[in-house]
Every structure is written in C-alpha cells, then in structure tokens.
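Enquirer: Turn these sequences into a full structure, and let the hints steer you where they fit.
Number of protein chains: 2
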Amino acid sequence: MEVYVARKAGFCFGVKRAINLAQDTAKEANGVYTLGPLIHNPQAVEELRQSGIESIGSLEEMDGGRLVIRSHGITLSEMEEIKRRGIDFVDATCPFVRKAQEHVRRLAEEGYFIVIVGDRDHPEVKGLVSYGGDDVVAIKGVEEIEAIPRKNRVGVVAQTTQTIDTLKRVVEALLPRVSELRIYNTICNATSERQRESLELARKVDCMVVVGGYNSANTNRLASMCRAIQPRTYHVEVAGELRPEWFQGIRRVGVTAGASTPQWIIDEVVERIKGMGS
Amino acid sequence: MEVYVARKAGFCFGVKRAINLAQDTAKEANGVYTLGPLIHNPQAVEELRQSGIESIGSLEEMDGGRLVIRSHGITLSEMEEIKRRGIDFVDATCPFVRKAQEHVRRLAEEGYFIVIVGDRDHPEVKGLVSYGGDDVVAIKGVEEIEAIPRKNRVGVVAQTTQTIDTLKRVVEALLPRVSELRIYNTICNATSERQRESLELARKVDCMVVVGGYNSANTNRLASMCRAIQPRTYHVEVAGELRPEWFQGIRRVGVTAGASTPQWIIDEVVERIKGMGS
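Order-wise, the sequence lines are chains A and B. Letter by letter, the first sequence follows residues 1 to 278 of my numbering. Letter by letter, the second sequence follows residues 1001 to 1278 of my numbering.
I should point out that these hints are in silico values taken from the structure, not numbers from a laboratory. It is possible that part of the hints are untrue.
As the list claims (entries may be wrong) - Sample of chain B residues at the chain A side, in silico, Cβ under 8 Å:
no.	residue
1	Ile1164
2	Leu1167
3	Lys1168
4	Val1171
5	Glu1172
6	Leu1175
7	Pro1176
8	Val1178
9	Ser1179
10	Glu1180
11	Leu1181
12	Arg1182
13	Tyr1184
14	Asn1185
Stated by the list, open to error - Heads up, simulated DSSO-like pairs for lysine-lysine below, C-alpha to C-alpha not over 27 Å straight-line:
no.	chain 1	residue 1	chain 2	residue 2
15	B	Lys1008	A	Lys151
16	A	Lys204	A	Lys274
17	A	Lys99	B	Lys1151
18	B	Lys1008	B	Lys1204
19	B	Lys1126	B	Lys1099
20	B	Lys1140	B	Lys1008
21	A	Lys151	B	Lys1099
22	A	Lys168	A	Lys140
23	A	Lys168	B	Lys1168
24	A	Lys168	A	Lys126
25	B	Lys1151	B	Lys1126
26	B	Lys1099	B	Lys1083
27	A	Lys27	A	Lys16
28	B	Lys1151	A	Lys8
29	A	Lys99	A	Lys140
30	B	Lys1016	B	Lys1099
31	B	Lys1168	A	Lys151
32	B	Lys1168	A	Lys140
33	A	Lys8	A	Lys204
34	B	Lys1027	B	Lys1083
35	A	Lys99	A	Lys8
36	B	Lys1027	B	Lys1016
37	A	Lys168	B	Lys1151
38	B	Lys1140	B	Lys1151
39	B	Lys1151	B	Lys1168
40	B	Lys1008	B	Lys1168
Glycine residues also receive a C-beta, built at the ideal position from the N, C-alpha and C atoms.
Expert: In structure tokens:
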C-alpha cells in the first residue's frame, strides 16, 4: 500500500506564529492564558497546557499573568474588556484574520451593509461580525441568501478558511440584487492551496484520511470537500481512531490535515496506516 | 394567430430624455448636431434629421449651432475638446451611463485596476474606458478573462445594457485571482426588466420578432437571448423586412424591441404580422 501525504498538510503560518508566541510568553510570564483554545486541536492544546498555557472560558478566570489572544481572533467587545481591565496581553490573532477584521471595520465606516460568509458560531466569524456594527449578517452559504435584507451597497468578507466555491455562489446571488458589491477575498492562500492540493490527491487515491480536530472548521471543510470526490474519506483526530478494515484491498491512500493539526499527529497517522497496509 | 407585445419594448427613459432634449434644442437653436447618432436606430435618427438635427462624425464638421451629446455618452477627451473649442452643448448622456462613467472615474482615482464588461467598440464602452486612465481594459465576457493582468484590487463596471449572466461569469472568474473586487452593477433596470420580460415571452410563443437597429447593442443582445430559448427568433429593423413564411403554421408570436426602437416602428411591425397571420 502506498501512502501519499499532502505537502501543505498541517500548521499554517498563522497557527505556527500563535504557538510560538504562546510558548515564548510561557517562558517569560507566570500564568499564561488563552481565551478559548489557542487553536482548534485538542491534542495541541493539551501540549500547550503542559507548557503552562491554560485555556479559559472567561476573562474573570484570570488571576494576574498574561493573556494570549488566539489565532482566530476575538470580538471587539472582548478586546475592549481586556483593555478596560488593564490585562497584560500578547496578540496572536492570525495576521490574515486581523486584516479581514480591518476590512469589516472599514466597510462599516463607509456605510456598506456587510455579509460575512462563514460559520456564524465560529470564533473567527464572531470576531469579524463584531467589527461590522449594526448592519452585518453572517451566512453559511447561498442557501441563506434570503436572510440578507435588500441593500444597495453591500460588502462581503469571507472567513479565512472558506472555500472559494461557497464565496462565488454567494457573490453570484448577491450581484443582481445590489448596485455595488465590494468583496474582500479574505480566503487565505494556505487554505486555498491546501484545499486544491488535497482535492488533487483525493482524485488519485482509493482512500483519503483527513487529520485534525473535530472542532476545526477548516479540517471539517477539507473532509467534506475530499468526500465529495472520494467517498472513502475518513476524518480522524488521532492515529488511535484508524481502523484496519478501512485499508483492506486499498492500493493508494492519501493523507491531508487541517491548519491546526500538529506534525507529530500527522506522522503518527501515516506510520499507523503504513502498518495496516497489506 | 395571436400576437403578444412585450410591455417594456421600446424607448427607455434615457432614450426618451435624449430625444426630448434634442427636439427642444432644435426649437431654440439654429444648427443642431450630434456627435455620432443620438441613438442606435437609423429610422429614429432620420426622423431627427428631418427636425433639423444632424449627426456628424467629427467636431470639425460643426459650424456654429449647438451640440447635443448622445445618450451613450462620449469620451473624456471628446468632452475636453468640446470645452476647449468653446462649443455650446446640451448633455443628453443617459443619467445611468453618466453614473457608470463616474464609478469608473472614482475607481481610477482610488487606484483600482478597472474591468469594463461590454463591447469595446461600442461608444458607451469607449466613453467608460476613457474615464479609467491607464489601468483599464474592456472585455466582452469571461472568454477574454486572460486579457486582464493579475492585480490585487480590481473594479468592475458593466455596460448598462449588459446581461447579468455575462457580468456574473466575469465576476466569478475574477474572484479567485484578486484580494479585492469592487463591482458596480450598472446594468440599468430598464435593460434587465426588458430582458426578463422578453425571455418569459419567448418561452410562451412559437416565434419571436425582435425589433430594432442592427447597430443597437441592446437589441442584438435581446435577439441572441431570445434565440437561445426560441430558435425561431427574427431580428428586424422595420416592418418591410417581415416575411410571410416566418408565420406559416405559427399560432403565437411574441414581439419585443430594443431601448432605441420608436413606438411607431413597433406598431407597424405588429400590424404587419397580424396581416400575415392565418
């Protein structure tokens, strides 16, 4: 059995940067916290915890120490609260997410009605929405287009891990309804390249394994895109979930991973698959 | 044989306005000129000529009198020449075209690379392009997308008589190539409503007749859209071109007309068709 690993699998620039910032902070400060998990991977978060970096649900749980703002960013009001409380913080928001937040803020200032294309329950999207003031809505895709009120000037910003097809379909549906449409294609390059490479791989193999947190939006999206091409697509968080029967009679296996999946987990998965092959 | 006439067939707001302005000017001034035909309909232009309104090819042909700027607008350099020569003029540019020109100008000022979706030989598009400075290209549709250089910030403006589908396809192709896409949907309502109504009609009848100048971009577009649905679609400029054999064995005929087609031509066409029916 041959195992092919996508070259772009695993940590992207923004995740690497966030982890480095958090680890550097842990060397300097006593008590390092993140508001919500730093990245969406339970194993990586557990590793961070062992280096003294604690994920908390609310700022009130902090007792001194330093806060690391996670890669997906936080809401404007959370940021204001951090400043009001005088909390010492390091901003590990992915620079691409930060840029998307700035686009939303500027669109709001210039009077556009803003449409965010993404999962409205995802922290990145919640953050983006918070910069849009009153005239903003988050939609999952074109199926929710009717939730958007009729407006003349509409601005569109995408969750950085969105697929270009979802964004395209929303834009196409909005176009006849508006007189001006200003779109920031904020899908990050790492995401679109990983998606493209993973889809190419899915076309060539008999079975795909997508590795990453079940709470990771970009991993879930990667899995559903691969599954549309290769129905034998399995999403696992760790090597222990792999089952030998998935690989019976299989000649070629493709492995890809989300932006928040640590290299050691990918390596373990690949080794375990090789051990299961005939 | 039943004959159905599209309600939105014929003169749009901008054409009516241009003709009224020209006729009012002809009552006041001695020697009234238009630079190129006022509208794209030879019969209407001939009528205007009989009221003393002459279409000229160059400003040098003017000898005093007053110039009426046609509904499609003119280029920035033509406008500058008119002003430099101190020519007395009335601006009959369609207000929707004027607005599109302003969008192009503003996009250029704000540093966007500009894409005009339209027929690059059409006077309206030539006018639009002239407001775009150096970083502007006109394309017919998505098939010419490769003519557009790779740019981060792209602005899109449509010829006012463009189809929404052509605009959609260009936008969809541009989106993955840029970081910001700012689209002005400058397709005028009269155009999109006339197209929609004509297509509905084409679906219901056994034969379509599209009336209007062969040099009229919006009439040609209307004819090709109808033909895609109803292959028995005929484009005529005047009633004299209708042929009885087109209507043999036909039960229902639909008639539509471009934005520059005078009502008297539509009426003549309808009467003639009725006379040919069995």
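Enquirer: With reference to the structure, classify each hint as holding or not holding.
Expert: Hints versus structure:
1. Ile1164: 5 Å, holds
2. Leu1167: Holds, about 7 Å.
3. Lys1168: 5 Å, holds
4. Val1171: Given a least distance of 6 Å, the restraint on B:Val1171 holds.
5. Glu1172: 5 Å, holds
6. Leu1175: 6 Å, holds
7. Pro1176: 5 Å, holds
8. Val1178: 6 Å, holds
9. Ser1179: 6 Å, holds
10. Glu1180: 5 Å, holds
11. Leu1181: Holds. Min distance 5 Å.
12. Arg1182: 5 Å, holds
13. Tyr1184: Check passed: Cβ of B:Tyr1184 comes within 5 Å of chain A, closer than 8 Å.
14. Asn1185: B:Asn1185 check passes; min Cβ-Cβ to chain A is 6 Å, inside 8 Å.
15. B:Lys1008 / A:Lys151: Distance ~25 Å between B:Lys1008 and A:Lys151 Cα, so the pair holds.
16. A:Lys204 / A:Lys274: 18 Å, holds
17. A:Lys99 / B:Lys1151: 18 Å, holds
18. B:Lys1008 / B:Lys1204: 17 Å, holds
19. B:Lys1126 / B:Lys1099: 15 Å, holds
20. B:Lys1140 / B:Lys1008: Given pair B:Lys1140, B:Lys1008 holds - Cα atoms ~25 Å apart, limit 27 Å.
21. A:Lys151 / B:Lys1099: Distance ~18 Å between A:Lys151 and B:Lys1099 Cα, so the pair holds.
22. A:Lys168 / A:Lys140: 13 Å, holds
23. A:Lys168 / B:Lys1168: 9 Å, holds
24. A:Lys168 / A:Lys126: Roughly 22 Å separates the two Cα atoms, so the pair holds.
25. B:Lys1151 / B:Lys1126: 22 Å, holds
26. B:Lys1099 / B:Lys1083: Holds - the C-alpha atoms of B:Lys1083 and B:Lys1099 are around 20 Å apart, at most 27 Å.
27. A:Lys27 / A:Lys16: Between A:Lys27 and A:Lys16 the Cα gap is close to 17 Å, so the pair holds against 27 Å.
28. B:Lys1151 / A:Lys8: 25 Å, holds
29. A:Lys99 / A:Lys140: 21 Å, holds
30. B:Lys1016 / B:Lys1099: Given pair B:Lys1016, B:Lys1099 holds - Cα atoms ~18 Å apart, limit 27 Å.
31. B:Lys1168 / A:Lys151: 18 Å, holds
32. B:Lys1168 / A:Lys140: 20 Å, holds
33. A:Lys8 / A:Lys204: Status holds; Cα separation ~16 Å.
34. B:Lys1027 / B:Lys1083: 23 Å, holds
35. A:Lys99 / A:Lys8: Holds, because 22 Å separates the two Cα atoms, which is no more than 27 Å.
36. B:Lys1027 / B:Lys1016: 17 Å, holds
37. A:Lys168 / B:Lys1151: 18 Å, holds
38. B:Lys1140 / B:Lys1151: Within the cut-off at roughly 19 Å; holds.
39. B:Lys1151 / B:Lys1168: Holds - the C-alpha atoms of B:Lys1168 and B:Lys1151 are around 19 Å apart, at most 27 Å.
40. B:Lys1008 / B:Lys1168: 23 Å, holds
In the structure shown, no violation is registered for any of the earlier numbered hints.
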